[in-house]
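We have chain A already, so just place chain B on it with the hints.
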Amino acid sequence: MSVPDYMQCAEDHQTVLVVVQPVGIVPEDQFFKIYKRIASVSQVSIRDSQRLLYIRYRHHYLPENNEWGDFQTHRKVVGLIAVTTCGSSKEWPQTSERFHGQKEVYGSTLYDSRLLVFGLQGEIAEQQRTDVAFYLNFDECPDVEKRVEDFVESIFIVLESKRLDRATDKSGDKIPLLCVPFEKKDFVGLDTDSRHYKKRCQGRMRKHVGDLCLQAGMLQDALVHYHMAVELLRGVNDFLWLGAALEGLCSASVIFHYPGGTAGKTAGRKPNISQPADAGKRHRPGAQEVLIDPGALTSNGISADTSTEIGRAKNCLSPEDIIEKYKEAISYYGKYKNAGVIELEACVKAVRVLAIQKRAMEASEFLQNAVYINLGQLSEEEKIQRYSILSELYDLIGFHRKSAFFKRVAAMQCVAPTIPEPGWRACYKLLLETLPGYSLSLDPKDFNKGTHRGWAAVQMRLLHELVYASRRMGNPGLSVRHLSFLLQTMLDFLSDQEKKEVTQSLENYTSKCPGGMEVITLPDGLKLPPAWTTCDRLLLSLCFMSTIAAQPNPDIYHYDKIVFFFFLGLFYLNFFKLMCWCAYLFLDFQWVQGDVCEVQLMVYNPMPYELRVENMGLLTSGVEFESLPAALSLPAESGLYPVTLVGVPRTAGNITVNGYHTSVFGVTSDCLLESLPGVKTGGCLVEVIPSLPRLQLSTSLPRSAHTPQPMSKEELSSTVSVQLFNGETQQLTITLENIGTEDIETLELTSKTVTTKEKVFGEFLSWELEEALSHLPLKPGQSVTLTVNIKVKLDFSGQENLLQDLNDDGISVTGLPISSPLRQVLKPRAETKPVSSESGKAEYNHIKTLEAVLNFKYSGGAGKVEGYYRDLSLGVHVDVEPSVFFTRVSTLPATSTRQCHLLLDIFNSTEHELTVNAKNNQDLVLHASECQR
Amino acid sequence: MAVCIAVIAKENYPLYIRSVPTQNELKFHYTVHTSLDVVEEKISAVGKAMADQRELYLGLLYPTEDYKVYGYVTNSKVKFVIVVDSSNTSLRDNEIRSMFRKLHNSFTDVMCNPFYNPGDPIQSKAFDGIVSGMMVQPS
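So the protein lines, in turn, are chains A and B.
Take the first sequence: its position 402, counting from 1, is numbered 402 in the UniProt record's numbering, and each next residue is one higher.
Take the second sequence: its position 139, counting from 1, is numbered 139 in the UniProt record's numbering, and each next residue is one higher.
If you are wondering where the hints come from, they were derived from the structure by calculation, not from laboratory data.
Please note that a few of the clues may not be correct.
Claimed, not checked - Within a straight-line C-alpha distance of at most 25 Å, the following computed SDA-like cross-link-like pairs (lysine to any residue) qualify:
(1) Lys68(B) / Tyr372(A)
(2) Lys500(A) / Glu25(B)
(3) Lys77(B) / Ser439(A)
(4) Lys125(B) / Gln137(B)
(5) Lys125(B) / Ser76(B)
(6) Lys358(A) / Lys27(B)
(7) Lys499(A) / Ser44(B)
(8) Lys429(A) / Lys27(B)
(9) Lys125(B) / Arg359(A)
(10) Lys42(B) / Leu435(A)
(11) Lys499(A) / Asp93(B)
(12) Lys42(B) / Ser318(A)
(13) Lys125(B) / Asp496(A)
(14) Lys327(A) / Gly59(B)
(15) Lys27(B) / Leu432(A)
(16) Lys36(A) / Phe134(A)
(17) Lys10(B) / Gly454(A)
(18) Lys10(B) / Ala126(B)
(19) Lys68(B) / Phe134(A)
(20) Lys10(B) / Ile389(A)
(21) Lys42(B) / Asp496(A)
(22) Lys27(B) / Glu55(B)
(23) Lys327(A) / Lys42(B)
(24) Lys27(B) / Pro422(A)
(25) Lys327(A) / Lys10(B)
(26) Lys68(B) / Glu64(A)
(27) Lys68(B) / Ser331(A)
(28) Lys42(B) / Asn369(A)
(29) Lys125(B) / Ala456(A)
(30) Lys68(B) / Gly133(B)
Note that the coordinates shown come from a computational prediction; the quantities given were computed from them, not determined experimentally.
Same shape as in the complex, but just chain A:
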C-alpha cells in the first residue's frame, strides 16, 4: 500500500467501499454522469433496523490497497458496480465475461456486485436479473438510484451476517489471525498455540468486529469492541493493530461527537435533518442496551469477562481523549516503516478533527509530523498531491502562510526538472492560489495606501515565479502584466541591477506582445486589472498650463498663461506628504477651440538609467480633443522633470482632463488622476471656447529679453528694446500677421507706461490706428503694419550730486560761493531745455529707462460672437541716454559784482548736430561729439 488517500477523514471508517468502474468502452463523460448519480446514494437507511449505512464510492482503487481490508475494513472493496455499453446481443457474452473478470480483481473481498448495461435491447434485456440492469441509453435510466439502494441493502445484509458471524464466533481457539500484507511472512512458523498468539488473534479479531459494527451502523457496539481490542492488544504489544484499534476508537468517537462530519465541504454528508438529532438519542440508548445486556458481549465468546471491566461510562472518548489516542495511534504506526500510509492518513484525519475543535497548534504538530513521514520513493505527481493537501490542511487550521508555502512548493514540484513534461499551467494556477497567503493582491489599487508594507523579498520571488510560469505557459500577455506589476509595486525593494533586469525582460516580452490596458481574466475567474508601469511612480506632480484665450471681462487682469501646481502621490519625500492636500484645482482660463493647448506634468524617473517614454498623451473627456502624443527621454534618477503635453480641442464646450496615457517599456497604460494616491480631484475642468483668430507680431526693432518689472514674462508675447537719446524719436513698425484660421474683425490698441519716477514729457508712444483698421477684417495669412512713434523726453536734471559737483567746482575755481538763489536759477533753465542734461564728469553713461506695454486686443470668428477676445502685448523698453552733458561748470566774474558769467562746457554725445537754446535765445550749434564753451 503506497498511495495514501489524502481525502480520508474519520467518518470514512464508518463507510463501506464500493468501486464503480467502466467495463469495456464507456464514454468518459457518460460514465461520470452515471457515477455522479450513483454516488448521490451516499447513505441508505436500512428498512427494518433503523440503521444507516454509509457508502464511499471510488471509480479507481488499487487492489493493493484492498489487501489492507482486514486491517481496517473500510479499506476493503465490498461492492462493485460495473458500467458498460453493449450494442447488440452478440457482444453480450463478451461484456459479461469482462464484468466477471473485473469482479475477480476484488474477488476476495467483494460482497456483491452489479452490472449496469446501456444500449442493449432485445431478448437478453428482457431477462430479470438481480445483478444486471439494462438501460436503453444513458439518459433513460430513471431507477439507477433505486437500483443502487437495493444493491446497498444487499451489501448490508452480507455485512450484517459477517458481523454476527464474527461476533458470535464460538469456535474459540480457532480464531484466524488477521494480518496486514507485510506481516504475513513474519508469522510463518510461529507457535500458534501459545497464549500470546491466541491473545493476539483475539485482539485483532475484536478490532475487526469493531470495524464491522461501525460500518453496520452500530456505533456503541463498535466502541465496546474497540475498547476490548485495545486492552487485548496492549497486553501483547501488537503495536500496529493497537494503533488501528485506537484509531478505530477515535473514529467512532469522532462520529459520535461530530455527526456533521469532519471532512468539510469536500465530502460533506448529505444534510439529513433527522439524523444528527437522532444520532445522539439513538446511540445513547443503544449504548445502554449494550451495557445492560452483557449477553451481547459474552455471546461472542472471545473474552466476555474483560468487557465488563472496561469503563462503561467512558465508552466514548472525550474530544481531548480523541486527540490523545490519535497521538498514541500515530506513534504506534510510526514504529512500522510499511505503515507510513496509514500513519499519514491518521495524521490527516486527526488534523481534520482538530480543525473542527479549533485547536490549530496541536493540528500543526500533527501536520509537522506528517511532513516527515517517509513514504519511500514518491512519484512527482504524488509529491504534488501531498504538498497541495498539506497546504489545504494548513489552510483548514488557519495557517494561511504555511499553506501558501506548501502550495508554492507544490507549484514548484509541478515543474521540477525531473518531470519530462512540466505542468506550467498547473504551476501557475497553484502559484496564484498562494497569493492571499503572502498577502499579495494583484490589484495595484491595493498598493496605493502609502508605502508598501509586506514581505517584499518573498513577494518579489513569488511575482518572479508568476512571470516565469506564465511565460512558459505561453502567455506573454500575462507575464507582461505580472512583470509590470512587479515593477510597479516592488520598485523600492529592487536593487539597481534588478531594476535593469526586470525592465529588460519586460522590454523583451513586450516586443512579442504589447502590454495593454484591458483587464485580463484568468480561466478561473480571477481578474487581473492592468498594472500601471513605473510611469505612475514617475508622476509626482502635475501642473496645468494653457495658452489663454481671453476673458469676457476685460477688467480682470489676466495672464497669457496660468500655471497651476498640484502635487500628487508623493512617494519619496515625507515633506511633500502635507502638500497632497492642495490638490484642488481652480482653473481661471480657457482653451480655445482649434488652438494648441498645453498641460504640464512634472514627472520623476526613479530608475537608475535613462527612461524612454513614448506616446505620452492626455486623456480627456468632454469635447472632442486631439491629443498630440509626445515621446521623451528622462535622464536617470531625474528630479522633477517637466513634460508638456499638448493637444487641440476640436469643439467648444467643457473638457475634463482625466489623466494621461503612456507607453513605457512597450507597455501602454492609461493613468487616471482620480486613481492616483493623494489626489482629491477626478480631473480638471477647462472650458473650451469657440475659435478665435491669432495674431503674430513682429517688429522692426530687435527683441530683447528685458521685461518690464512689475510684469512677468508670461504676460508679454515679446519685448522690443531700443536705445535712444533724449528727445529722439524712433519709429517702431509693428507687423501683425494673422496666423490663425479666423478673420480678425476688431483690433484695439492701448498702451500703458510702466510707472517710473521719471517725468515724461509729451506722448511717449503714439500711433495711427486708422490705417491699420482699414485693412480689417484681416484674412488668415494676411498681415497689417502699424507704425508707432516712440518719443522720449525725459528730465535728466536736478540731481543733487551733480549740483554738488557744480557747487564744489564753482568754489574751487572762482573762490566765489554760489549762493542758493543762483542754484535755483540753474534748475529751471535746465528744465526748459528740450535737450538738457546735467551730468558730472563721473556720470558719463548715466542712462534712464522707459518702459511701456502695447496691448493689442483683437477678436473675430465664432469667439467674437460670444464676447471673447484675445490679448497680445508688446513690451517696449527704451534706454534713454542724455544727449548733452555739461562737462564743466565754472563762473567768471562779470562786470557787475552782482552778476557773474556762468560758463558751461557742453558735450554732445550724439552723432548728430544739435542746437542748444538758452533763455536769451542764443543758439549754439553743436556738432557731433563736439565740446564747446
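Just chain B, lined up with the frame of chain A:
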C-alpha cells in the same frame, strides 16, 4: 547563537530581518513568514482577559529539520523571531529568553528615537549592533 533575527510589525510585515548565511536569505524569509501563523495562533489562544499578564516569550514556535524558531511578542504586538540552528544544543531556553529581552530593550530604544517613524523599517545602527552581537559570527 542565532542565525536569523527578525522584527515584525503589528500588521505582520517585517521591520527588520537579518540572517547570517546571507546567500540564503530568502529561505529565512520563508521560515519567519510561516512562523507568523504559529505566533498568531499562540496570541489568539491566550484569552483577551489574560492579555495583561501574558508572557511575552512564546517559546519554541516550531522546529524544522535544521532550525528552531522562537517567538516573542511585545505588548504592542510587535513580534520578534529568532531562528537558531538545531544542532546548537547548548542553547538553553533561558538564554533565548535573555536574547529576546536584549532585543526588546534595544527595540525600545529605537522606538524612543524621535526621528523614528513607527512602522518604518529599522535602520538604527545601535540596534544593528545588538543584533550582530547575538548572531552567529560567520567564520
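Structure-based check of all given hints:
no., hint, result
1, Lys68(B) / Tyr372(A), "holds (16 Å)"
2, Lys500(A) / Glu25(B), "holds (22 Å)"
3, Lys77(B) / Ser439(A), "holds (19 Å)"
4, Lys125(B) / Gln137(B), "holds (18 Å)"
5, Lys125(B) / Ser76(B), "holds (23 Å)"
6, Lys358(A) / Lys27(B), "violated (29 Å)"
7, Lys499(A) / Ser44(B), "violated (40 Å)"
8, Lys429(A) / Lys27(B), "holds (23 Å)"
9, Lys125(B) / Arg359(A), "violated (41 Å)"
10, Lys42(B) / Leu435(A), "holds (24 Å)"
11, Lys499(A) / Asp93(B), "violated (43 Å)"
12, Lys42(B) / Ser318(A), "holds (24 Å)"
13, Lys125(B) / Asp496(A), "holds (24 Å)"
14, Lys327(A) / Gly59(B), "holds (22 Å)"
15, Lys27(B) / Leu432(A), "holds (20 Å)"
16, Lys36(A) / Phe134(A), "holds (18 Å)"
17, Lys10(B) / Gly454(A), "holds (12 Å)"
18, Lys10(B) / Ala126(B), "holds (22 Å)"
19, Lys68(B) / Phe134(A), "violated (63 Å)"
20, Lys10(B) / Ile389(A), "violated (30 Å)"
21, Lys42(B) / Asp496(A), "violated (40 Å)"
22, Lys27(B) / Glu55(B), "violated (29 Å)"
23, Lys327(A) / Lys42(B), "holds (21 Å)"
24, Lys27(B) / Pro422(A), "holds (24 Å)"
25, Lys327(A) / Lys10(B), "violated (34 Å)"
26, Lys68(B) / Glu64(A), "violated (39 Å)"
27, Lys68(B) / Ser331(A), "holds (22 Å)"
28, Lys42(B) / Asn369(A), "holds (19 Å)"
29, Lys125(B) / Ala456(A), "holds (22 Å)"
30, Lys68(B) / Gly133(B), "holds (19 Å)"
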